[in-house]
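2 protein chains.
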Amino acid sequence: MTSAKTQPARGMRDFLPEDVRKREYVISVIRNVYERYGFEPLETPAVENIETLLGKYGEEGNQLIFKILKRGVHEQTGEADLALRYDLTVPLARVVAEYRDKVPRFFKRYQIQPVWRADRPARGRFREFYQCDVDVLGSRSMSVEAELISAASVALSALGFDDFIIRLNHRRALTAILMAAGVSLEQHDQALVALDKLDKIGRKAVQDELQERKVGQAAADQLLDFFVELGSLDHAAEIAAGESRVEKTQALNAATLGRVVEFVGSNELGAQGVDELRAILDFAAAIGAAKRIKVDPTLARGLSYYTGAIMEINVKDLPGSLGGGGRYDGLVGMFLGQDLPACGFSLGLERIIVVMTERGMFPATLLTTPAELMITVWSDDSLKESLSLATELRKEGLRVDLYPEADKLGKQFKYAASRNIPFVVILGDDERSRGEISVKDMTTGEQRSINRSLAAAELRRALSEREQNT
Amino acid sequence: MTSAKTQPARGMRDFLPEDVRKREYVISVIRNVYERYGFEPLETPAVENIETLLGKYGEEGNQLIFKILKRGVHEQTGEADLALRYDLTVPLARVVAEYRDKVPRFFKRYQIQPVWRADRPARGRFREFYQCDVDVLGSRSMSVEAELISAASVALSALGFDDFIIRLNHRRALTAILMAAGVSLEQHDQALVALDKLDKIGRKAVQDELQERKVGQAAADQLLDFFVELGSLDHAAEIAAGESRVEKTQALNAATLGRVVEFVGSNELGAQGVDELRAILDFAAAIGAAKRIKVDPTLARGLSYYTGAIMEINVKDLPGSLGGGGRYDGLVGMFLGQDLPACGFSLGLERIIVVMTERGMFPATLLTTPAELMITVWSDDSLKESLSLATELRKEGLRVDLYPEADKLGKQFKYAASRNIPFVVILGDDERSRGEISVKDMTTGEQRSINRSLAAAELRRALSEREQNT
Numbered sequence: 001m002t003s004a005k006t007q008p009a010r011g012m013r014d015f016l017p018e019d020v021r022k023r024e025y026v027i028s029v030i031r032n033v034y035e036r037y038g039f040e041p042l043e044t045p046a047v048e049n050i051e052t053l054l055g056k057y058g059e060e061g062n063q064l065i066f067k068i069l070k071r072g073v074h075e076q077t078g079e080a081d082l083a084l085r086y087d088l089t090v091p092l093a094r095v096v097a098e099y100r101d102k103v104p105r106f107f108k109r110y111q112i113q114p115v116w117r118a119d120r121p122a123r124g125r126f127r128e129f130y131q132c133d134v135d136v137l138g139s140r141s142m143s144v145e146a147e148l149i150s151a152a153s154v155a156l157s158a159l160g161f162d163d164f165i166i167r168l169n170h171r172r173a174l175t176a177i178l179m180a181a182g183v184s185l186e187q188h189d190q191a192l193v194a195l196d197k198l199d200k201i202g203r204k205a206v207q208d209e210l211q212e213r214k215v216g217q218a219a220a221d222q223l224l225d226f227f228v229e230l231g232s233l234d235h236a237a238e239i240a241a242g243e244s245r246v247e248k249t250q251a252l253n254a255a256t257l258g259r260v261v262e263f264v265g266s267n268e269l270g271a272q273g274v275d276e277l278r279a280i281l282d283f284a285a286a287i288g289a290a291k292r293i294k295v296d297p298t299l300a301r302g303l304s305y306y307t308g309a310i311m312e313i314n315v316k317d318l319p320g321s322l323g324g325g326g327r328y329d330g331l332v333g334m335f336l337g338q339d340l341p342a343c344g345f346s347l348g349l350e351r352i353i354v355v356m357t358e359r360g361m362f363p364a365t366l367l368t369t370p371a372e373l374m375i376t377v378w379s380d381d382s383l384k385e386s387l388s389l390a391t392e393l394r395k396e397g398l399r400v401d402l403y404p405e406a407d408k409l410g411k412q413f414k415y416a417a418s419r420n421i422p423f424v425v426i427l428g429d430d431e432r433s434r435g436e437i438s439v440k441d442m443t444t445g446e447q448r449s450i451n452r453s454l455a456a457a458e459l460r461r462a463l464s465e466r467e468q469n470t
Numbered sequence: 471m472t473s474a475k476t477q478p479a480r481g482m483r484d485f486l487p488e489d490v491r492k493r494e495y496v497i498s499v500i501r502n503v504y505e506r507y508g509f510e511p512l513e514t515p516a517v518e519n520i521e522t523l524l525g526k527y528g529e530e531g532n533q534l535i536f537k538i539l540k541r542g543v544h545e546q547t548g549e550a551d552l553a554l555r556y557d558l559t560v561p562l563a564r565v566v567a568e569y570r571d572k573v574p575r576f577f578k579r580y581q582i583q584p585v586w587r588a589d590r591p592a593r594g595r596f597r598e599f600y601q602c603d604v605d606v607l608g609s610r611s612m613s614v615e616a617e618l619i620s621a622a623s624v625a626l627s628a629l630g631f632d633d634f635i636i637r638l639n640h641r642r643a644l645t646a647i648l649m650a651a652g653v654s655l656e657q658h659d660q661a662l663v664a665l666d667k668l669d670k671i672g673r674k675a676v677q678d679e680l681q682e683r684k685v686g687q688a689a690a691d692q693l694l695d696f697f698v699e700l701g702s703l704d705h706a707a708e709i710a711a712g713e714s715r716v717e718k719t720q721a722l723n724a725a726t727l728g729r730v731v732e733f734v735g736s737n738e739l740g741a742q743g744v745d746e747l748r749a750i751l752d753f754a755a756a757i758g759a760a761k762r763i764k765v766d767p768t769l770a771r772g773l774s775y776y777t778g779a780i781m782e783i784n785v786k787d788l789p790g791s792l793g794g795g796g797r798y799d800g801l802v803g804m805f806l807g808q809d810l811p812a813c814g815f816s817l818g819l820e821r822i823i824v825v826m827t828e829r830g831m832f833p834a835t836l837l838t839t840p841a842e843l844m845i846t847v848w849s850d851d852s853l854k855e856s857l858s859l860a861t862e863l864r865k866e867g868l869r870v871d872l873y874p875e876a877d878k879l880g881k882q883f884k885y886a887a888s889r890n891i892p893f894v895v896i897l898g899d900d901e902r903s904r905g906e907i908s909v910k911d912m913t914t915g916e917q918r919s920i921n922r923s924l925a926a927a928e929l930r931r932a933l934s935e936r937e938q939n940t
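Sequences listed follow chains A and B, in order. So in the numbering used here, the last spot in the first sequence is 470, and the numbers never skip. So in the numbering used here, the last spot in the second sequence is 940, and the numbers never skip.
Treat the hints as calculated values from the structure; they're not laboratory data. Heads up, a few of these hints could be off.
In silico lysine-lysine, BS3-like type, Cα no more than 27 angstroms apart, as pairs [claimed, not checked]: (1) A:K70 / B:K475; (2) B:K854 / B:K878; (3) A:K102 / B:K884; (4) A:K291 / A:K197; (5) B:K667 / B:K764; (6) B:K492 / B:K786; (7) A:K294 / B:K865; (8) A:K395 / B:K718; (9) A:K440 / B:K572; (10) B:K540 / A:K70; (11) B:K764 / B:K718; (12) B:K540 / A:K5; (13) A:K384 / B:K764; (14) A:K316 / A:K197.
Which stretches of chain B does chain A cover? Using the computed rule of at least three CB atoms under 8 angstroms from a CB of chain A, they are [as the list claims (entries may be wrong)]: (15) 544–558; (16) 572–582; (17) 868–879.
From a predicted model like this one, the values you see are computed outputs, not experimental measurements. Here a beta-carbon is modelled for each residue, glycine too, at the ideal position from N, C-alpha and C.
Taking the hints into account, I'd like the entire structure generated from these sequences.
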C-alpha cells in the first residue's frame with residue numbers, strides 16, 4: 001500500500017467545513033441582494049464545446065483555457081473537443097441564443113459558479129475560482145448600467161464593505177482618447193492590454209510595455225501625459241475643502257469628463273461615450289450610488305468583447321479588483337445571429353473572501369459547531385439506545401452528533417471538547433435504569449440529570465439560553 | 471456575424487431559472503437533514519491530478535474519465551496531467567490524507583457537487599451530474615451504516631418520498647456466495663459486474679454476460695438458481711397475511727440471511743458478512759429505519775472499492791437507483807498510507823429531481839415569480855424616479871423588477887403578465903404631480919392610487935394578503 005500524492009491540483013483548493021461555511025455565507029448574501037433586483041438564477045455546465053470558447057477572450061485568453069482530450073479511440077489523436085468554461089459570460093450568450101423563446105425579452109440573470117483558468121497561481125489568484133455574475137440582456141438603456149452598479153454596491157455593503165470605489169469608463173471614450181493621442185486603430189487592442197495595467201505596474205512599466213507592443217513613442221507619451229494630468233484633477237478635488245464627499249466626487253467626475261471632451265475634440269465616438277457616462281452618473285445619483293463612482297479614463301478592462309461602459313470595483317488594501325464588468329453588445333450576436341444589447345457585472349468571490357477574512361468581517365455566529373450536542377456511547381449494549389435517542393432529538397430539529405462506538409467516557413468528552421460541541425449527553429447504566437439522561441454543559445462543566453422524555457425540550461431550552469449568553 | 475452552435479456539450483445541461491430553483495430546493499432539504507446528523511460540508515476542486523483518479527474505479531471507470539490536456543508547449547504531446555473528478559469519494563480519501571491533523575478522528579462530511587463521466591448519455595443519465603454524498607471515516611462500528619441509512623431515508627422522506635426500499639448486502643457475504651457457487655476467485659470482479667445488472671436486465675441476459683466474462687456454466691447456474699430461490703422467499707413473505715409491514719420485512723430479512731448462511735456453509739467471510747448485516751438490521755430497528763431495509767444478496771454495486779456492507783435505494787417506477795453506498799475500508803489507505811475505516815452513501819440528485827418532477831412533488835410555493843412587483847417607466851424623464859422608487863422598495867426587502875426603458879404602457883403590462891409578476895407600479899405624470907403611485911393587481915386587474923411615502927408598507931400588505939389567498 002503506497003501513499004499517493006495528496007495535494008489538490010496546482011492552483012486549486014480544497015475547502016474544509018469552516019471554509020465552506022464562509023463561502024456559503026457570502027454567496028447567500030449576494031444571492032439575496034440579486035434576487036431583490038429581480039435577477040433570476042441560471043446554471044450552465046462546467047464543460048463547453050471547445051469552439052464555443054475559443055476566440056472569445058483574445059489570444060491571451062485562449063492560452064488559459066483548460067482543454068479536454070477526446071475520448072476512446074480518439075484519445076490518441078491528442079485533440080481536444082471540449083474545454084472548461086473560462087467565464088460565465090460566454091455561456092450566458094450561448095444560452096440566450098439556444099433558448100431565445102424561453103427567456104424573457106429583458107433577461108436578468110445571476111449565476112454563481114466556478115470558472116477555470118490555467119493562469120500562473122499567485123496570492124488570491126487560483127485556477128478554479130467562483131464568479132458571481134449579474135447580467136441584463138435586451139436593453140440599451142443606461143438604467144441597466146446604473147442598476148448593475150447599484151446591485152453590486154448593495155451586495156458589497158450587505159457584506160460589510162464601506163470603503164470601495166467603483167471606477168467607471170467607456171470603451172468608446174477610450175477609443176477616442178487613443179485616436180486623439182495618435183495610436184493607430186490596429187494598435188488599440190495592444191494598447192488596451194498595456195493600459196489595463198496602469199494602476200498595477202505604474203507609468204514607466206506601461207510605457208515600456210506600450211513600446212514592446214509597437215505603440216509609437218509619441219502616441220504613448222501623449223496618452224500617458226493625459227492620464228497623469230487627469231490624476232492631478234483627482235488631487236485638486238481632494239484638497240477642495242468644505243464640500244461633502246458626494247459633491248466632491250460629482251465635481252471631480254464632471255471635471256474629468258470635461259477634460260476628456262477637450263482632449264478628444266470632435267471625435268463622435270468620444271462624444272457618445274461621454275454622453276453615456278453622464279447618463280449613468282445621473283441615474284446613479286437618483287439611486288444613491290453616485291458617491292461610490294469615480295470616472296477613470298485609464299480603466300481599460302482586459303477582455304476584448306466590451307463595447308460600451310466598463311467598470312471595476314476596488315478597495316484600498318487589495319491589488320486588483322473585487323469585481324468588474326461592462327457592456328458587450330456584440331458578443332451575444334455571435335451566437336444569436338443578430339445583435340442583442342447586453343451589460344453585466346461580475347463579483348470575484350475569492351477576493352471578497354480574502355479581504356473579509358483579513359479584516360475579520362465574518363459574523364461571529366457563522367463559526368458554528370458541527371453539532372449542538374453529542375451523544376456518548378456507554379457500552380456496546382447501550383449503543384442501540386444512544387442511536388434511538390439521537391433519532392428522537394434529530395426529529396425535533398436538533399443537530400446531533402453521535403459518538404459511533406463504545407469508548408472510554410473521558411475520551412468521548414475530549415473529542416466533543418476538541419470539536420467545540422457545547423453539550424454532551426450521557427446514557428449510562430444508572431441513568432438508563434432511572435429513565436433519565438445526563439447532560440453536561442461543556443462550557444461550565446456542570447452536569448445534571450433530566451427525564452428522558454423531556455430531553456428534547458430541556459436541551460432546546462439550554463441551547464437557547466446559551467445563545468442569549470454569548 | 472455567423473451563428474455558432476448553441477447547444478450545451480453532449481450529455482450536459484443548462485439550467486434555466488425554474489430548474490435552478492428546483493435543484494436548490496432539493497439540495498437545501500438534503501443539506502438540512504445531513505446537518506442534523508452532525509455532518510459537515512466539504513468541497514473539493516472539479517479538477518484532480520490524473521494519477522489521483524486513475525486506477526480507482528476499475529477498467530470501466532478509467533475509460534469514463536474526462537482527461538485534461540497539458541498546457542502551453544506541452545499541449546502538442548497530447549498528454550493529460552489533470553482530469554475531472556469521477557465521484558466525490560476518491561477526493562474525500564485524498565483530503566483526509568492531506569489534512570489528517572485538521573479533520574476530526576471521526577470525520578463526518580457531506581459534499582454536494584457535480585461529477586463528470588464520459589458515459590453514453592441516456593434518459594436520466596448525464597455526463598455532468600450532482601452527487602450528494604455523506605461519509606463517515608474512522609469507525610468500524612455498524613452504527614455508522616445504520617446512521618447513513620437513516621440520514622438518507624430521512625432526507626428522502628423530507629422530500630416527500632414514501633415508497634422507497636433500501637436494498638442491503640455485504641461484499642463478504644457476496645464473496646462467500648460466489649465461492650460456494652464455485653466461481654473462482656479471479657473471476658469474482660467479472661462476476662460482480664454482470665451480477666450488478668440482475669435487476670435491470672434479468673436472469674437470461676446476466677447468464678449470457680457471465681458466460682462472456684468466462685464464468686463457468688455450472689457456477690453461473692448454481693449462483694442464479696440460488697438467487698431465484700431467494701426471490702421466492704420474497705414472494706412467500708408477500709403472501710403471509712396478518713402481519714405488519716415491519717414484521718413482514720424483518721421476517722423476510724431473517725429468512726434471507728438464514729438461506730445465505732446455509733448456502734455458504736462454514737465460509738468465514740460469509741459468517742462475518744452475515745453478522746455485520748444482522749448488526750445493521752438491529753441498529754436500524756432501534757432508529758425506526760428497519761421497515762425500509764430489504765436484505766438482497768443479489769445486490770453487487772459496480773465499484774470495486776467496497777469491502778463491507780453495500781446498499782442501494784430504489785423506488786418502483788425508476789430503473790436504477792436513487793442512491794447507494796457502502797463500506798470501503800481500503801480506499802483511504804491508498805492515500806493515507808495506513809488503513810482507515812470508511813463508509814458512505816451517495817444520493818443521486820438528478821434522479822431524485824426526475825422522479826419528483828414526474829410525480830409533481832415540488833411544493834407549489836417554489837414556483838416563485840422573478841419579482842414581487844415590477845415598476846414601469848412612463849417616459850425618459852420619469853426613468854430616474856422609477857429607478858429611485860425601485861431602490862427604496864428594495865431597501866425594504868421587496869423583490870423589485872424595473873422595466874429598463876420608456877415604452878408603451880400596454881407593452882410593459884403584457885411583459886409583467888407574461889412573467890407572472892403579481893403587482894405592477896405606475897409612476898405617470900398625474901401620479902407624480904400628486905405625490906402618488908398607482909398599483910395594479912395583475913390577478914384582479916384592480917388599480918388604485920396610494921401615497922408615494924406609503925408605497926413599501928402598502929405593497930407589503932397587498933403581497934401578504936395575496937399569499938394568504940393562495
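Verification of the supplied hints:
no.	hint	result
1	A:K70 / B:K475	holds, 18 angstroms
2	B:K854 / B:K878	holds, 17 angstroms
3	A:K102 / B:K884	holds, 16 angstroms
4	A:K291 / A:K197	holds, 25 angstroms
5	B:K667 / B:K764	holds, 18 angstroms
6	B:K492 / B:K786	holds, 22 angstroms
7	A:K294 / B:K865	holds, 23 angstroms
8	A:K395 / B:K718	holds, 25 angstroms
9	A:K440 / B:K572	holds, 25 angstroms
10	B:K540 / A:K70	holds, 13 angstroms
11	B:K764 / B:K718	holds, 10 angstroms
12	B:K540 / A:K5	holds, 19 angstroms
13	A:K384 / B:K764	holds, 20 angstroms
14	A:K316 / A:K197	holds, 16 angstroms
15	544–558	holds (count 8)
16	572–582	holds (count 7)
17	868–879	holds (count 8)
Checked against the numbered hints above, the structure breaks none of them.
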